[in-house]
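*Asks:* Each chain, written out:
Number of protein chains: 2
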Amino acid sequence: MKKIINNPANFVEESIDGLIKSHPDIYTLAKDNNRVVMRANKASNKVGIVTGGGSGHLPVFTGYIGKGFLDACAIGSVFASPSVDQMVSAIKNADNGNGVLCLIGNYGGDVMNFEMACEMVEGEGVKTKKVIIADDIASASEAEKEKRRGIAGMIFVFKVAGAIAETGASLDDVFKTAKEVNNNIRTLGVAVSPCILPEAGKPTFEISDDEIEIGMGIHGEPGIKREKLRPANDLVDDLYKRIIDDFKLTADDNIAVMINSLGATPLEELYIVSKRVNENLSNSKIKNIKTYVGRYATSMEMAGISITTLKLNDNLKKYLLAECKCPFWNN
Amino acid sequence: MKKIINNPANFVEESIDGLIKSHPDIYTLAKDNNRVVMRANKASNKVGIVTGGGSGHLPVFTGYIGKGFLDACAIGSVFASPSVDQMVSAIKNADNGNGVLCLIGNYGGDVMNFEMACEMVEGEGVKTKKVIIADDIASASEAEKEKRRGIAGMIFVFKVAGAIAETGASLDDVFKTAKEVNNNIRTLGVAVSPCILPEAGKPTFEISDDEIEIGMGIHGEPGIKREKLRPANDLVDDLYKRIIDDFKLTADDNIAVMINSLGATPLEELYIVSKRVNENLSNSKIKNIKTYVGRYATSMEMAGISITTLKLNDNLKKYLLAECKCPFWNN
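Chains A and B supply the protein sequences, listed in that same order. In this text, residue positions in the first sequence follow this note's numbering: the first is 5, and each later residue adds one. In this text, residue positions in the second sequence follow this note's numbering: the first is 5, and each later residue adds one.
It should be emphasised that the hints constitute simulated quantities derived from the structure, not laboratory data. If you're wondering where the values come from, they're calculated on a predicted model, not measured in any experiment. There may be inaccurate statements among the hints.
Which copy? The list can't say, so a pair holds if one copy fits it or any two copies do.
What the hints assert, rightly or not - List time: in silico DMTMM-like cross-link candidates among lysine to aspartate or glutamate, alpha-carbon distance up to 25 Å: (1) K252 / E283; (2) K289 / D29; (3) K329 / D318; (4) K35 / E283; (5) K25 / D238; (6) K71 / E327; (7) K329 / D213; (8) K252 / D242; (9) K6 / D214; (10) K151 / D249; (11) K294 / D21.
Could you build the full structure based on these sequences and the hints that come with them?
*Replies:* Next comes the structure, spelled out in structure tokens:
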């Protein structure tokens, strides 16, 4: 295992500490829990936006804290849910009397623990709402959309919810908009090579030198099919068709697109993918108002990509493009 | 070779095309050369800032075009110098009568071709100056600093020169400031695993499963020493001491720091490195005014990191922090 780390048991704490030391104007540690990160300058008089999930996906989840984005995040071990206590801390630290919206990637442990945490804080008078984000079209059919996993599309929900919360909108309004974004996102990925878990010291999955897996999850969950590596354009056309068909995107729809690296896949390859995606969108007369290209939701050094579409209306577009202050989002 | 690409022969053109299609508000192709990228909105009445170099290092070089950054870039094949013709095109396209500053990473072909290109355009009345960037302390001694290679520190030169040019400063003044930044940067890297050249289909170097190479160049050039992988803190302390000693940084100096991934090394590891670097700086009472963490200068999917320090005065600090418009720089 060739990682630039110290004791694998300290991997999470040290990376959180480094994040805060690197960007002290953005992030700080919650006083009551050393695996809860919150805004360095706590917002006042707005709905709090909270998330949480396993480590190993930076910038997901913690990275997206900042003005116009998230307020607090509960951080689990690598690929593991944070505890109920951590979530309670994140929610309480994000609350300033206007209620808290929890944005939760659809993973069993995360959902269950957030449900318990919300019940507990409600008992203490903190009003909460939850949106369970489900954008991975490989993980369940359109008919069972709510069973889908949350992957790179989560970031669009964080961004739009964070922007509308910043305007002073009510919990109900922020919740409604976040739900709308969740309904409007579709993501499909392809894994090319695995990452290695720091404590286990072994790869998350095995795959042959000439194989890829379409739809594999960011923790190595099984995808739609394993197949031989093929040219980027063929692969992109396949992913694109599945995404567009799933949501029935049609001519004149406005969308934003995210071309995401799972980690090791370099920008050069992302742009080769983005070229083809943008050509396909042009051919379909779907209007792409903004392309995001980079490492937005990763599995450490896993190689592979995902493509996310977000269908926009004027309202969502305004909040997507609103300025924010976060090291991982370029305005 | 497991890359998401089409015909390897089209790797460079397709990635450039994708860059432009993804960010049409920032980048455009020069009309006279399909491997020269320039600002989508050409600046007027300012010194032009030009660079150029091999592909495979995104965001270096082309990515750093934008308002307050570079004006044009000549793009070579993977790890190969652009031609004199391309450089002539980049310089002419960046010129608007105020002269052009060429910022050149210190590699034989790049330097030689830029020298010829400058001579050619001077004959046509375009005034030019050159700064040859040399920040890699592994590649030559302090006494022979001008022989050092240009690596991640190049980006600090691009940023500061781009910002001062944007104010309407003269070619002489922009040149002087860029030279000052070049004198004030020090970088040292460590390679952990190689990348694969798309056309050759084989790794740039070979290294055992438990080895790393300190000071290896971004094209696999030999470093200072090959050694067994050791804990991140030990490794960082070694790199840190070499950098601080080389430039004789002392208490109360103001600096900026860049913790750069060569590609595959994930953010979690970069932050573990950044934690230790920032702790060392604190102990040395050196004042770090800003930490940049991410993929700034890469070798595609190579794993490894580099650490860059830039010594600042008030003037350099102002230009480093000045706003710019570039997808790869977060203001």
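*Asks:* State for each hint whether it applies.
*Replies:* So, going through the hints one by one against the coordinates:
1. K252 / E283: Answer is within: at 18 Å inside a copy they meet the 25 Å cutoff, but 52 Å across does not.
2. K289 / D29: Close across copies (19 Å), not inside one copy (42 Å); limit 25 Å.
3. K329 / D318: Both, since 22 Å and 24 Å are each at most 25 Å.
4. K35 / E283: between (49 Å within a copy, 21 Å between copies)
5. K25 / D238: Cα proximity of K25 and D238: across copies only (19 Å, versus 43 Å in one copy).
6. K71 / E327: both (9 Å within a copy, 18 Å between copies)
7. K329 / D213: neither (41 Å within a copy, 40 Å between copies)
8. K252 / D242: within (15 Å within a copy, 56 Å between copies)
9. K6 / D214: both (22 Å within a copy, 7 Å between copies)
10. K151 / D249: within (18 Å within a copy, 56 Å between copies)
11. K294 / D21: between (33 Å within a copy, 16 Å between copies)
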